[in-house]
Structure formats: C-alpha cells, structure tokens
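K.L.:
Given chain Z, put chain H in place with the hints provided.
Sequence lines, in order, name chains Z and H. For the first sequence, our numbering begins at 1 and goes up steadily by one. For the second sequence, our numbering begins at 1 and goes up steadily by one.
Worth double-checking, as some hints may not be accurate.
To be verified - Reference listing, derived: stretches of chain H covered by chain Z, where coverage requires no fewer than 3 residues with Cβ under 8 Å from a Cβ of chain Z:
(1) 11-25
(2) 30-43
(3) 59-72
(4) 107-114
(5) 129-140
Claimed, not checked - Simulated pairs of lysine-lysine, DSS-like, Cα-Cα distance not exceeding 30 Å:
(6) H/Lys60 <-> Z/Lys141
(7) Z/Lys394 <-> Z/Lys141
(8) H/Lys90 <-> H/Lys60
(9) Z/Lys162 <-> H/Lys90
No lab work stands behind these hints: they were computed from the structure. Idealized CB from N, CA, C, for every residue including glycine.
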Amino acid sequence: MSPGKLAVFTFLVGLACALSTGCGGSSSHTNAAPNPTNPVAQSGNNVAPISVNSGPAGSYVDGAFVSVTVCIPGTSTCQTISDVLVDTGSTGLRLLSSALTISLVQQNSAAGTPVVECLPFLNTYTWGPVQSADVQIAGEKAGSVPVQVLSDTDFTVPAGCKNLGLTSADTLPALGANGILGVGLFAQDCGSACSLAGSTNPGLYYECPASGCQVIAEGLTQQVQNPVALFASDNNGVIIELPAVSAPAATLTGSLVFGIGTQSNNALGTATVYTPNASGNLTTTYKGASYNTSFIDSGSNGYFFLDSTITGLTDCGSAESGFYCPSSITNISATNQGSNGASGTVNISVANAATLFSQNDSVFSDLGGPAPNMFDFGLPFFFGRNVFTAIEGKSTTGGTGPYWAY
Amino acid sequence: MVGTSFPAWAALGGDIASVEADQVHMQGTRRVTTAAAYTVHEIQGASGTVVREYVSSEGKVFALAWQGPWLPDMRQLLGTYFDQYAAAIKSQSGGRIGRRPLVIEQPGLAVELAGHSRSFIGRAYIPEQMPSSVGAEAIR
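Next up, chain Z with everything else stripped away, as it sits in the complex (with noise of 0.2 Å):
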C-alpha cells in the first residue's frame, strides 16, 4: 500500500469507528481515554507499538514498553525482547544480560580488551560491556549497533562508578523492564567528552583486561548509539503517540512512530518547535521565575518540578518519597521557551501520589513529584499530545535536530 493510499485507509477506518461503537476489538484503546484527540498512528513500517503498564517486574508506574529484536551482526539468529522501556532522556539501547539468550560480539578496545561502561541515570546506574547487535524495531534495521548488556557479574564495578553512590539498574526487579531504548536528541550517549583522554573524560567507558578496569577514550562510533539514527531511512528523530488519559488505568496503548516527516504518518503538522540550548534543555518559567535546566523525558515516570516551598505542593515523606502528595488535584501553569524563541504555555496537574497508588494502576496523568530548579516533563506529558524527539544534525522539515516538537 502506498503512503498516500494508507493515509486513506487509515482515515477511513478512524471515520467508521467514530461513526460506530464496535471499534473495540480493532483499537487497541480499550482501557483509557475514549476521546483522544490527537492521531495515534495504527500501522505502517515505521510504527511499534507502545503499551503503558506495569512493566514485566509488575511494579512500574508511567512506563513505556516496546518490544525490540536483535540479531548476532550479521545473521539471521535473532531474539525479540519485549517491555523495553522508551526513553527520550537518554541515548542507546540498553538490555539486561539475564533477558538475553543470544550472545552479541563483544566490543574490544584498542589494547584487545572488552569495553565496559557505566553510565549513571539518576538514582541508578547501569554497568555492563559494550556489544554489536543488528537491531531492529517495527520494520526499521541498524546494523552493527553498540549496544550495553547490563550485568553486574560478567565484570567487576570499578570504584569510579561504584563512587556515584548509586544502586544497580542492572537486573529485572531494579530496572523493572527488560531494557532501556534511549531515542533521545543525541546520537551517542556521551559524544566527544568521552573521545579524549585526560582530565576532561568524564570516565564513563573502561576496558576491562582481567587485572582490572581502567578508563579509556571511546570514539564517537564505538560509543553506545541511538540506533534510530542508524535507520536506513526514517532515521532524524522519532514521534511518542499516546492518548489522552482521563482517569487512572491499568494501561494504555500508542505508537513509537519513526522519523519526521519521512512518510504520510510522521509529519509535523502543526506542532511547535522548540530547540534545546547546548546541555540539551528548555527554560520554563513558572511564578514569574525561569528555570532554565527543564526538559522532556518520556523515561521519566511523572512531572518532576521545584519544591514544596516554591510550588505548595505537599511532599508525600517517606511512605512515597520523591512525589507530591497535594491534599487535592492541583492545577500548575508554565510557560516553556526554547533556544530559537518558540514559546507556549503548559497546564499539568498534580494528584496525591499516595491515593493515585493505593489503586492497582499504572496510568497516571497527574504523577508529579520535586526536581531542584527544572521542569521535568515526564511521560504524562506525552498523554495525549504527539511528542517529536529530532536527533541533532538530523536534517526534517521542521530544521535540524536536536529538538522538540509538540
């Protein structure tokens, strides 16, 4: 079927479900949000399917999970690996070691030595060797892909990592999926601070001979890569399509839409463009102040914003700690600038964490808790609004990346 033909066709089909009330077993919205009102694309090559849920550990809220398929470079042995968290906050794929079963060709360094990274998030780390799989994702491929397998056994954490503090992400009940696909604005996952050695390498990648880990200089191709921008096509950024969400459900289902502007279903249409300044974020001011370190991070599992003092939003303490627990439903109005002037303003609303989780559901709107000095638009920020992440130096019809659009 042509593009312009599946446009039709797609058309046609949103028409006769808005006509009838039989729809149900064909939409895949069977637990949320009846009305959306932005277009969630159905198929085509360049469309996997995003489910909302508890994730495989059963305990995430505001996850977003695709499945992903990688192959030994080069061969047709492959494996398909499902609940793979969407994240637009980061760069490369990461898969646990223990949801593997096919064994990827392990990175060496220079020396002949494994690659190993560790890479912070922000209250884990991931730690684990750097591999080479053919990745493929709806029907887009990547060869030879950098990838992290995450293990804290197959290689010792070295102290400079194990000096951030943080606990491992490395295993199913820590991570609570299956891996991390990072399609963020960036196409490596630390870029050139990584490549030199000395002072300035922020020690992020290690070759690993067996007397022990050392920091090493990673090129820009050997480090671990957003694979959408190794596409063979479709390849400058990629759409978040989620529904509204009216009320708390047990999940929700959307699309992870490739490319901009590339076919029929990924044009920008009216969406707004909002270009990131040089450390990847937005100024969003709030109360007559900016806050100039925001962003928009579908791996991030609420809206994360200011203080208690600054927002009156009520901590939730211990027994939830992290989110805000309002006495009732708060309405929060911001205003989100972008480095080349785009502006617009922004309404979310933040519910009690603790009723919200009382309830055995994983679909929440109003999930929001403190983030120091920022806004941080997490994956409630995606319900219901189509979210393009570009990928910098990608050329699309909205300029080139990296930016925002929504």
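P.N.:
Positioned in the frame of chain Z, the structure of chain H alone reads:
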C-alpha cells in the same frame, strides 16, 4: 588517603582544606563569592561539571550544589556523609519502580539529584547546619 598533603578527604561537613582537596580532585579552577551568611567556593571541574561549596562563617561546608553533563565523584564530595547517602538510595530501591529524581530527606542530610543524560543537577546540605537565614532554594 595516607600520604597525601591534604588534611581532609571530605567536603560536606568539612573545612576549607576539604574544598581545596575537591578542587585538586576535580582538576578544576576555583572562584569565591561572599554572601551575608556564607561564602561560596565555585569549582569548575575539567570535565565540565561545576560544584559550588557553601562555607559558613565558622568555616564549615554546610551545603553543596553541582551542575554539569556528568555526575561528580559523590564519595569525594560527600565525604563522611557518603555512606549515609548511599544507604538512603539503597533503602529507596523497593516498591514502585520508575525513573525519577532522587530525593533524600533525613536527619543530618538532604540530597536531591535530577536531570537527564548529559545534564545533571543536584544539591546536598546538612539541614541542622544551614544558617538560619538560608533556605534550600539558595543552594543552586
């Protein structure tokens, strides 16, 4: 750290010498500014991360803030408070899973850490040692 010339291997809760030890550890440059109740020693680390150390009029580091593309060496910065920090993180790693900013609020230690890959922001302070005129929002 037997054998080094630095009298302290700590910053939070430490004295001015520990700030100098941090500067050396980060291979950075240092700039000092003075507020009413404290001085701020800002260390620009070689890897691009900036650490600000808040020193009271009694000469003690009562708070830290950091910002940059990578996390600083938390063991170095938190010193004797590192074990409490690491234990608090470990104690939170149950229950509802999800990636979110780190918030530690305990007697004697508060730590917050947020951001994303290539942009981390955080602060740590000793609530009991904050000058009475200084709120957490000043630590940034």
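K.L.:
Which numbered conditions among the earlier hints are violated in the structure presented, ordered from lowest to highest?
P.N.:
Those not satisfied are hints 1, 2 and 6.
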